[in-house]
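If you read the sequences in order, they're chains A and B.
Its first residue numbered 869, the first sequence is counted upward by one per residue in the numbering used here.
Its first residue numbered 869, the second sequence is counted upward by one per residue in the numbering used here.
In case anyone wonders, no lab produced these hints; they're calculated from the structure.
Incorrect hints may have been included.
Copies of the same chain are indistinguishable here, so a pair counts whether it falls within one copy or spans any two.
Under the rule of at most 20 angstroms between Cα atoms (straight-line distance), these lysine to aspartate or glutamate pairs were calculated in the DMTMM-like manner [said to hold, decoys possible]:
(1) Lys1059 to Glu938
(2) Lys1059 to Asp942
(3) Lys1072 to Glu1056
(4) Lys1059 to Glu940
(5) Lys1059 to Glu941
(6) Lys1059 to Asp904
(7) Lys990 to Asp1163
(8) Lys1209 to Glu1069
(9) Lys1072 to Asp902
(10) Lys949 to Asp1190
(11) Lys962 to Glu1076
Number of protein chains: 2
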Amino acid sequence: MAVTRAKIALDAMGGDYAPEEIVIGAIRATQELDVDIFLVGDRQAIEDCLARHPHQGLNLTIVDAEGVVEMEEDAVVVRRKPKASINVAMNLVKEKQADAVVSAGHSGAAMASALLRLGRLKGIDRPAIGTVFPTMIPGKSVIVLDVGANVDCRPKYLEQFALMGTVYSQYVLGVPEPKVGLLNIGEEPTKGNTLALQTHELLKSNPEIPFVGNAEGRDVLSGNFDVIVCDGFVGNIVLKFAEAVGEILLNIVKEELPQGWRGKLGTALLAPNLKRIKQRVDHAEHGGALLFGVDGICLISHGSSRSGSIFNAIRLAKEAVDNQVSVRINSSTSLLMERQKTEELQNI
Amino acid sequence: MAVTRAKIALDAMGGDYAPEEIVIGAIRATQELDVDIFLVGDRQAIEDCLARHPHQGLNLTIVDAEGVVEMEEDAVVVRRKPKASINVAMNLVKEKQADAVVSAGHSGAAMASALLRLGRLKGIDRPAIGTVFPTMIPGKSVIVLDVGANVDCRPKYLEQFALMGTVYSQYVLGVPEPKVGLLNIGEEPTKGNTLALQTHELLKSNPEIPFVGNAEGRDVLSGNFDVIVCDGFVGNIVLKFAEAVGEILLNIVKEELPQGWRGKLGTALLAPNLKRIKQRVDHAEHGGALLFGVDGICLISHGSSRSGSIFNAIRLAKEAVDNQVSVRINSSTSLLMERQKTEELQNI
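Using the sequences provided together with the hints, build the complete structure.
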């Protein structure tokens, strides 16, 4: 791991609980992680928050921005608001003053801003959003991409997602030989829709991708795969379903438990266990999603993020910086491009 | 509700635990439900099972069949095995001796056999598999279709799925004014892939469909919708994810609970509550999937079904028979066809 002190540009104005919860998350991150943080947004509002929370001696710098892309606005608004917090944060990365952006604001706007200001990595047609899911094997995670950036995909996009996911799994999640799967409706190579059938062939024939075959719905959580690729339509539906499941599960446990003295006593005795269950299934505990394929690290958090999620997102961003995810993806996709060029020349 | 005594053709040879668990489920169904059952399969094997379980005076009739489509065989094998249990069971419905087929065997083979022997309803291009999910609102269910029959869909297929789901919701699930949703990645009509965008328009403009808008991943379980339509690729992935989630949840609860005396005592006190949680989240408790759009009732159970699931599947089949689902879908889709014809004539 490269020894760096990651510099994070944090969109202090983005998210349902901005700037208060964002600032609290930032304070904790500078205390516990080896990071410097730029708090990007309305100086007065940020200073008011800082005044309420002890932060002396911490590496927090306020960077002025004007306005924010509101959740109900269209993503293209980023073009008309060059001084909005997300744009100023992206510029810090573009100008190499920061290593990564973290935002819990409008996710479409964050993506548009990243594309506009950072640009795509070579060899990447479409950036993808990747999210890390816990699996049923304790301590083992899986990265799923795309979970919402691209609703209509071509096979080669998914091939690129597989390459990017492999790099992330190897260098950030620390899996020496990641198993890559294609999200599909059956294990057999003959199963799936047109996109899945064509992608299967492409993944199978790419020597850079440790493709092990099709993954089914259950495999998102089974722990049998380290990387799962899918189009952003399917991925987004699975992601939102998964988020809801955690919540519903906790509700069911709550509803069913405290009835009568047995329930009350049992619940009291099990309090620490129930808390651990909550941590394992509650998606909010898990930080954010990474935007893969742009020339810089960009972490998109849930709009409902509170300080704990912001802290986790900063941690994820720092891990991506430390492990040089962008550089490694770049060299991985360069190989792909060279091979494609050679094949094209051979076909002439 | 029509007063009928439903006659069920049960594929006694289909499923991982056939024929034993199938026969046990059938015995219970004839005891507790108002049904007559044809046990279709190898007479000797079925008689051996019956001999082990008391069943005197019950309405069970064995119907001979030869062979079964094995799970690992291709679905087209149904054509080459006309006397296989699934085909003989379908024939009973075709010849009006039975009202419905229930099978826990090869689901592709069941679909192929139904298409071949029963045929499609008028106005239906593609039959769909619908499955009923419990929602987080106690007692409220949602029917999701398609969950696997059609991996590449056209907008008009989804329109037909919506019509069929509406009939089922109204007449079987007893929802007077069902809310129909389109599974998508956002609530706004402008969200989605090409299929979703086009389908949204179609659903919105069909007066027979009580369409309320897009449903997101979380809405599969939210209880905000009564019918959710999607293509069979997305639906199958969500279904298998959901099945796995129930199982994983139970594993997590088991793993986290019994540690130390607190855990053991707490678990003992909570035993009945944990059992109720299991019942609410365990997919195996919920029976099977209905094949919509063929000319007859056809219930497809999970291959791993044990007697409880078979019993539930028979109950679901009986409810569909009692509520004349096929007849009602037929009249609903006839309306659609007439409207389409009128539109075509107007366009000449």
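Going down the list of hints, with the structure as the test:
no., hint, result
1, Lys1059 to Glu938, "between (42 angstroms within a copy, 18 angstroms between copies)"
2, Lys1059 to Asp942, "between (37 angstroms within a copy, 12 angstroms between copies)"
3, Lys1072 to Glu1056, "within (13 angstroms within a copy, 37 angstroms between copies)"
4, Lys1059 to Glu940, "between (39 angstroms within a copy, 13 angstroms between copies)"
5, Lys1059 to Glu941, "between (40 angstroms within a copy, 14 angstroms between copies)"
6, Lys1059 to Asp904, "neither (48 angstroms within a copy, 37 angstroms between copies)"
7, Lys990 to Asp1163, "within (9 angstroms within a copy, 54 angstroms between copies)"
8, Lys1209 to Glu1069, "within (19 angstroms within a copy, 42 angstroms between copies)"
9, Lys1072 to Asp902, "neither (40 angstroms within a copy, 53 angstroms between copies)"
10, Lys949 to Asp1190, "neither (31 angstroms within a copy, 61 angstroms between copies)"
11, Lys962 to Glu1076, "neither (29 angstroms within a copy, 53 angstroms between copies)"
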